[in-house]
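> Residue numbers (numbering that gives the first Met the number 0), protein chains in the order written: chain C, 0 to 415; chain S, 0 to 415.
Hints in this document: simulated from the structure, not taken from any laboratory. Just to be clear, a hint being listed does not mean it is correct.
[As the list claims (entries may be wrong)] Listed below are the simulated EDC-like cross-link pairs for lysine to aspartate or glutamate, each with C-alpha atoms no more than 16 Å apart in a straight line: (1) 55/S - 130/S; (2) 83/C - 93/C; (3) 280/S - 385/S; (4) 55/C - 1/C; (5) 167/S - 34/C; (6) 167/C - 187/S; (7) 402/S - 324/C; (8) 402/C - 210/C; (9) 148/S - 34/S; (10) 169/C - 34/C; (11) 148/C - 324/C; (12) 402/C - 324/S.
Just so you know, these numbers come straight off a predicted model, no measurement behind them.
2 protein chains.
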Amino acid sequence: MDEAKRILAGSFTPRPVGSEVVALSDAYGRVLADDVVSSFDIPPFNRSTVDGYAVKASDTFGAEENCPVTLRLTGRVNVGEAPKARVQKGTLAEIVTGAPIPEGADAVVMIEYTERKGDSVLVRQAFSQGENVMKAGSDIRKGETVLKKGITLSPYEIGALAAIGSVKTKVYERPIVAIFSTGAEVIEPGKSLAPGKIFDINAHALSAAVEECGCESRNMGIVQDQPNQMKTALQKALKTADLVITSGGVSVGPTDIIPKVLNTLGKPGVVVYGVAIRPGKPTTIALVNGILVFSLPGHPASSLMIFHLFVRPILICMAGRREQEAVTVKSVVSERLFPARGRRTYVTVTLRKDQSGRIVASPVSTGSSGAITTLSKADGFLIIRENQQFIEKGSCVEVELFKLNTYSSLMREEAQ
Amino acid sequence: MDEAKRILAGSFTPRPVGSEVVALSDAYGRVLADDVVSSFDIPPFNRSTVDGYAVKASDTFGAEENCPVTLRLTGRVNVGEAPKARVQKGTLAEIVTGAPIPEGADAVVMIEYTERKGDSVLVRQAFSQGENVMKAGSDIRKGETVLKKGITLSPYEIGALAAIGSVKTKVYERPIVAIFSTGAEVIEPGKSLAPGKIFDINAHALSAAVEECGCESRNMGIVQDQPNQMKTALQKALKTADLVITSGGVSVGPTDIIPKVLNTLGKPGVVVYGVAIRPGKPTTIALVNGILVFSLPGHPASSLMIFHLFVRPILICMAGRREQEAVTVKSVVSERLFPARGRRTYVTVTLRKDQSGRIVASPVSTGSSGAITTLSKADGFLIIRENQQFIEKGSCVEVELFKLNTYSSLMREEAQ
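Bound conformation, chain C alone (with noise of 0.2 Å):
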């Protein structure tokens, strides 16, 4: 496992595969590929965060409670207006909330500090320079970095975008993951059952896995074992894709056709033949003139978790987003566990508390019972070492979560 992924690391470095602009109303969900800089001072002019008198602050210097200063009204400003008021000596306008300040002015004294007595108003209280005025680029400066490339885009960065005015948006590219399965037995579902077939599971489920890291899927259904079919989906594959996900083939085997095709297509071919873990042996990874193709085991379960174990990781970078941390959870296992001979053994485990609040972990079964109903039962595995003879039934494990929000189901559990 350690070796695969040394290899891997060794022969192909992710990276987003490009970027595109999209509007606005499309930004959401999406990668920024670019650094985004405010071209305007947000807010972009001298705006008043009260409703009251837009005044010169050294015309209120003195005024007190029982000593207020009288000054003259000379207009009102509204939001949304160009202000026509001037603000002189001696003189205020009406301002309301949001409003720009108009020319003159420096400060807004606060309504309940005053009193309308026809075109004059009595100031109650002394209001300093810049008083209840916020300033013409106090939030965003022009040239400012609001956001910053990489992340990814919440309503908050939404709305940040649209405070800046930023209607077009440079995101990553989704990459593009071609998949298809292969095997004599495995048909499309929707077809009818013929004897000895039974539907393809895992093109729709990698296909939905591909789509959770942020990237296209070109599901290309089922391809048979034969070496021409199998070349010719695979050059096609690679015409069209960014990377390559092939799942199965268990009768002929895809440590004979795939690796022996994929070393016909370009260098330098397979990269890693094999993976001593358990499940996902026959996990083969090859490098076709700069393009992964992973050919994953045909097995659901096994290769939904080889995907998660190898691919998941890639995918996530070349999608241009950060990785996450695996979150794990502190659980106790409900049964002695035994790792595969000489083989590091991942277990798909289901968790739930018991009643004194400890985190269970059982075992989901991935062997030939159970392989489909047990796939959406599972929240996530733990991992037995080639050195490690087992691991004791009520012994104290770190179980990585598949799905992020299995740790929030766990936490409404514990609340009830």
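Fit chain S to the known structure of chain C by using the hints.
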């Protein structure tokens, strides 16, 4: 706040708005609207789980390493084919993993316990009935409920749907949410910034927030604070949407025009008129002929906070999703915090680990300055209750996270 929630719960029960049928390739991320029942036994036939020979188990009884039983080879069964061979007493058929068990056979002898001699095979171990056979229906039985309604379809569930050949899936419709902004000062981002104008943030940020809940947003842009324009916009929104959100209207005030217009459009009209919290006091909630209308504050951070507290839980129910329990993180506050007088106060904070590994919550200004840039810096919020005088610097509080993956980011910091 509690009363507003009570009134809301008493006048409106959020329910999924409808269901639609989508193709398997479009089902990822959608929410199942019906239990899914299998029309097939999975596997559809008795399957070999190993490479070897299909036999009558009784023919191997008594076989041992030094005392093999000799059986006659009658044929071979491949994967994906109806078996032509028939196993009778004294015979066996070659078989590979995943291939159907031929008629007459009830066990599979693993190849490593056999020796081939022309048309005869020596079997060196006894096998019991059913050994190395995965029975038809052992994974999923015909008529069995495979997935329960209400689940959000992840790659694992997509795999389960494929397994049972389910290519059309009934999922909940995405509720349609109409959104517009009001205010004389706001203009569409991208337009030229006339004096006194600022770019509209809310319609864009709220559209993304609505999508995050599994709904479709209809951004209707900016509507002027004029009763007729407002009435036309609200009527249009109420006709096309399952829920309506407006924000802003500072100059004339949402407490003026919008509630009046809403009360003319249908019953019961405005049900909540202002909420005693900070930020978000001017929030107005109306129910117009069964459709909820939320009028949120104009301040972007406030409107997103009120969305989070009031609107999001309702939209999640309407989208058919299960509500996620809030994830909270224990943190230490960086400074003494005061509530707004007499109002429950929601303080937006950023979280970071300090050198001793404690998580420190620092308030993000939601006041007049920093309204925009800080939007994208907020990790979550803490609550100061109405009856609390202040929260002391250094005291321990629960911070509710806006984004679940903040949790894993904090874990990553810990790991470093």
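> So which of those numbered hints doesn't the model satisfy?
4, 5 and 11
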